[in-house]
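Protein chains: 4
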Amino acid sequence: MPLTPDQLAEIEAARATPRLTLRAVSEGMEAELYRAHPVLDHGFVRVIDYMGDDAAIVQAARVSYGAGTKHVSNDEGLIRYLMRHWHSTPFEMCELKLHVKLPVFVARQWIRHRTANVNEYSARYSILDREFYIPAPEQLAAQSTVNNQGRGAVLAGEEAARVLALLKSDAGQMYDHYEAMLSTEGQQGLARELARMNLPMNIYTQWYWKVDLHNLFHFLRLRADAHAQYEIRVYADCIARMVAAWVPLAFRAFEDYRMGGVTLSSKAIDCLKRRLKGEVVTAETSGMSKGEWREFCEVWG
Amino acid sequence: MPLTPDQLAEIEAARATPRLTLRAVSEGMEAELYRAHPVLDHGFVRVIDYMGDDAAIVQAARVSYGAGTKHVSNDEGLIRYLMRHWHSTPFEMCELKLHVKLPVFVARQWIRHRTANVNEYSARYSILDREFYIPAPEQLAAQSTVNNQGRGAVLAGEEAARVLALLKSDAGQMYDHYEAMLSTEGQQGLARELARMNLPMNIYTQWYWKVDLHNLFHFLRLRADAHAQYEIRVYADCIARMVAAWVPLAFRAFEDYRMGGVTLSSKAIDCLKRRLKGEVVTAETSGMSKGEWREFCEVWG
Amino acid sequence: MPLTPDQLAEIEAARATPRLTLRAVSEGMEAELYRAHPVLDHGFVRVIDYMGDDAAIVQAARVSYGAGTKHVSNDEGLIRYLMRHWHSTPFEMCELKLHVKLPVFVARQWIRHRTANVNEYSARYSILDREFYIPAPEQLAAQSTVNNQGRGAVLAGEEAARVLALLKSDAGQMYDHYEAMLSTEGQQGLARELARMNLPMNIYTQWYWKVDLHNLFHFLRLRADAHAQYEIRVYADCIARMVAAWVPLAFRAFEDYRMGGVTLSSKAIDCLKRRLKGEVVTAETSGMSKGEWREFCEVWG
Amino acid sequence: MPLTPDQLAEIEAARATPRLTLRAVSEGMEAELYRAHPVLDHGFVRVIDYMGDDAAIVQAARVSYGAGTKHVSNDEGLIRYLMRHWHSTPFEMCELKLHVKLPVFVARQWIRHRTANVNEYSARYSILDREFYIPAPEQLAAQSTVNNQGRGAVLAGEEAARVLALLKSDAGQMYDHYEAMLSTEGQQGLARELARMNLPMNIYTQWYWKVDLHNLFHFLRLRADAHAQYEIRVYADCIARMVAAWVPLAFRAFEDYRMGGVTLSSKAIDCLKRRLKGEVVTAETSGMSKGEWREFCEVWG
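Protein chains in written order, with the numbering used here: chain E, 1 to 301; chain C, 1001 to 1301; chain X, 2001 to 2301; chain D, 3001 to 3301.
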């Protein structure tokens, strides 16, 4: 259970007292506010605040286009038009603030998305909790033999058991030593900023993360993708469901044009055009490298 | 009057229908929402949306510092501590979205603040209105004779009258020609994206501008400063009053540490220490350049 | 002629004195350094400095992938792989610094690319030159009747002549009045920061603009595109030729995957797959909006 | 020794072949190029590339100010003026690319500086080396008793020995287990992206880090500060020495106005003015909080 009874009580209290506002309100997001969605074994994602809704995207676009925009008759059509033509600024007019609890090695990937605001729990200042990510057995995958950056088959019986045992005992031992170094019983206690270096990267940290909708879509496209590491993908999937509740029109356009879309190179366009004319195109006649051709065939057969 | 009756009616309608939310609410900002504050002769600033309040800054900071932060007993003390030590990330957790109408030459300065989101009215897409900034007589200042980047005395009688007449007649003529080039009566009409190039830079444009509180404070420090050009300073002053209503604790800390503060060089520190010991320090013995010494004396006499 | 004899002499002097360096050197870019390429009637682009080359992109990527990357045998293959999979960070390791002279209305579009560094000529501080963009007759296009944001047919005889005459005489008059307001003969002279507001947006300004290669590619994709306004596209085209000389492998990958590529929505993928199976897909059975279908047919017929 | 003989040979080879360039050259930085400066027990910093020099800062500033800038007669005066008045854009015209090897917990602090470009060694893709940061005995400090975020006295004999023993044996054991999980002898071997989670945060990683001079100064001001954690401060100190060799005029201005400077709040200004008039100001009459007063007295006695 990622949340303590105290935290649950706080959430219920925050949800119990609605207040009046004149701002844009997304009913879908109000239903989400503060509630923690469990991710992995001890992690969670929850919405702390949001700004804007589908109408806010449309409104910002209409400021840009002025009276000239009247011929796009409805909001969904305009939002799809913006997404299709990479007009990103209206999507930047919405903002989301999340509270996320996540393993450090996931946080290290996540933070590479620079256009966001972050307040992370400081292990220099405070003491981390004894919580580590231990993968579920079905996630204990072997190194891929075809892709340096991927997973292969799930580990079987004994090897899986051995890995799990190592991860668990190491995490426990490292945390024991962390506590032993910090302890001030009969000693001074090592500085927190030093003791933390002995903790493994599957320990959980937490942060507030604030991002605009355009950059959030970029994050989701990369991290909810099948090639992303499973442990960050589950966070992205969870956030994607929240975004669908928040800005349903924008999310549908994102699904159609980004998540479900592909980018074709000029070579790939050429191959498809030849195929459409009935030509049989092969790896050899495609002009593509092996890798490109393999990826092309994954989509087009 | 910067707003049309239609726009005023829209604002009243938007303000007439409060809705329930579970988010942080700033009463001071709710009172501001949508209302247009006139700036210059045809411009305005109005708040379209906001995220967070003073408590949200504190909350984000406490995520970072964890249990270790309990000894700072109150919110105002913590906010002042954050401001004093340049801990900017908690201030980034608040966000403000404004609708601004402003002359193009002001927009050109404003846009240099890159960490913000903008949707500007597109003169490529739509036709600009016939509205130009014509300075009030008391703003018709001469070029400063001591500062290449500043204003001197206000122009007197005839010279002022001549300047005003030129500005007014030129603006009118340029707009007449803009319309003449665009006109499709008996002709094709020049493309909007070309015709706009004939407009002077005191024509008004408008945009939605969204920024986080940290970057907004940076904007205000530079643009509400006495050395900023008057025509952007009045916008900054107007926004500063809104921020004071929105996050009063953070704004007071900003006023004390940034707007009302100064930065001393190591040479300036040295001079002050010598003065405190009773030494008479002169331009010659200060080790400063003429410019530095003049600026030092402006503060310290 | 956009350059004065003094400026040409400066350029020759700068090119006359090669120095030794241990840094990565791009021979293609060395040949470009400092030389001004004319753009529009008075504008130019020239390279002031650069950092990195194709090998620097590869080197940065190999730091990320470590020993695991050895199986991609050559530099071009690796660069194409990076481009195809949107691995943008190695491209960020190259940097370009340009000196650009351009009309203000072009500068206003350009500056919206925020991830770049800019030092613009200050009309607050100094006096602008009497140089205005007057379109060549073949660029005097009518407003498009199908696209709010585009150009239609070129204006013919009399209408073109009338527009040119207006642009020329207005520019001249506005500049005369600018000078008259600034003049200190027998008067104080209006402050520069005020007088500039009377200048039209086809006056030329100039700036140093520094950007990394990833963000430059993004700029080129949007601004060298057929839908970009002609007056910024000619700058983008000019810069594209420089980039081809600088990092030829990266530029070829960019051309293939970005400039010459297309993004397909999930609906478009579905339509193409149906076509590949021999089905006749129409606007009605495509599931697309009218606009999407039109754009789809532009590529696929 | 942080570098292998192969790496040293590569560095010597890179330094052995100077080439001709027309770009700005900083002799001070040429002497640094590629050479690794050891930091901590296994880390290093080395310069891979740079763009610009002191003259480039001046040149960019003169583009902005145009002919109006002639009255600032020399380069050093202009650079000091820019630094004093927070004119940051000319400093952004210089760029530095470093290769850094550093412990993960240091990398986690470092990466919070978002305005930079990074290519980090990927433990998803490749296998990390067996190298851990083990503090020197004089760095084994106790938790500060007055500052939650600081170090107190150095640990003495037995406690220090116990901490060192724990850090060393834990690092060794974790790395053994990392290898055991990855091993493909008689088993499939756990995916690298999973196995890495068992490594402690004192393991070394490495990256290419590219940043402009303005943002680098900001990094140095925060990280070369006495309140920064020792383990990142030694990197900042090392980089500061490189910057002094690269752009000596800019670095001197930075030292005077930023590193050696202080920011005074309006309350602090008031207290100093009262003192200059001979008044005795105490904590009680200062209007400051306890913390502010303590920090004020640290500077002013």
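The set of hints was computed from the structure by calculation and includes no laboratory data. These figures come from a predicted structure and were not determined experimentally. Hints are not guaranteed to be accurate.
Ranges between beta-carbon positions, derived for each pair [what the hints assert, rightly or not]:
id: 1; chain 1: X; residue 1: Ile2127; chain 2: D; residue 2: Arg3019; range: 11 to 21 Å
id: 2; chain 1: X; residue 1: Glu2179; chain 2: C; residue 2: Lys1290; range: 47 to 57 Å
id: 3; chain 1: D; residue 1: Glu3012; chain 2: X; residue 2: Arg2252; range: 42 to 52 Å
id: 4; chain 1: C; residue 1: Arg1035; chain 2: X; residue 2: Arg2162; range: 42 to 52 Å
id: 5; chain 1: E; residue 1: Leu20; chain 2: C; residue 2: Arg1252; range: 51 to 61 Å
id: 6; chain 1: E; residue 1: Gly157; chain 2: D; residue 2: Leu3003; range: 21 to 31 Å
id: 7; chain 1: X; residue 1: Glu2010; chain 2: D; residue 2: Glu3012; range: 48 to 58 Å
id: 8; chain 1: C; residue 1: Arg1274; chain 2: X; residue 2: Glu2179; range: 43 to 53 Å
id: 9; chain 1: D; residue 1: Leu3003; chain 2: E; residue 2: Glu138; range: 38 to 48 Å
id: 10; chain 1: E; residue 1: Arg162; chain 2: D; residue 2: Gly3291; range: 50 to 60 Å
We put the beta carbon where it would ideally sit given N, CA and C, even for glycine.
Hints, verified against the model:
In this structure, Ile2127 (chain X) and Arg3019 (chain D) break the distance hint of 11 to 21 Å, their C-beta atoms being roughly 42 Å apart. Here the CB-CB span from Glu2179 (chain X) to Lys1290 (chain C) is close to 32 Å, at odds with the stated 47 to 57 Å. Taken as a hint, the range 42 to 52 Å is violated for the pair Glu3012 (chain D) and Arg2252 (chain X), whose Cβ atoms sit roughly 33 Å apart. The hinted range of 42 to 52 Å is satisfied by Arg1035 (chain C) and Arg2162 (chain X), whose Cβ atoms lie roughly 45 Å apart.
Between Leu20 (chain E) and Arg1252 (chain C) the beta carbon distance is about 26 Å. The supplied range of 51 to 61 Å is therefore violated. The hint said 21 to 31 Å for the Cβ distance between Gly157 (chain E) and Leu3003 (chain D), and at roughly 43 Å that hint is violated. Between Glu2010 (chain X) and Glu3012 (chain D), the C-beta spacing of about 38 Å breaks the proposed range 48 to 58 Å. For the pair Arg1274 (chain C) and Glu2179 (chain X), the beta carbons lie near 50 Å from each other, so the given range of 43 to 53 Å is met.
The beta-carbon spacing between Leu3003 (chain D) and Glu138 (chain E), approximately 42 Å, falls within the hinted interval of 38 to 48 Å. Take Arg162 (chain E) and Gly3291 (chain D): their Cβ atoms lie about 52 Å apart, and the range 50 to 60 Å holds.
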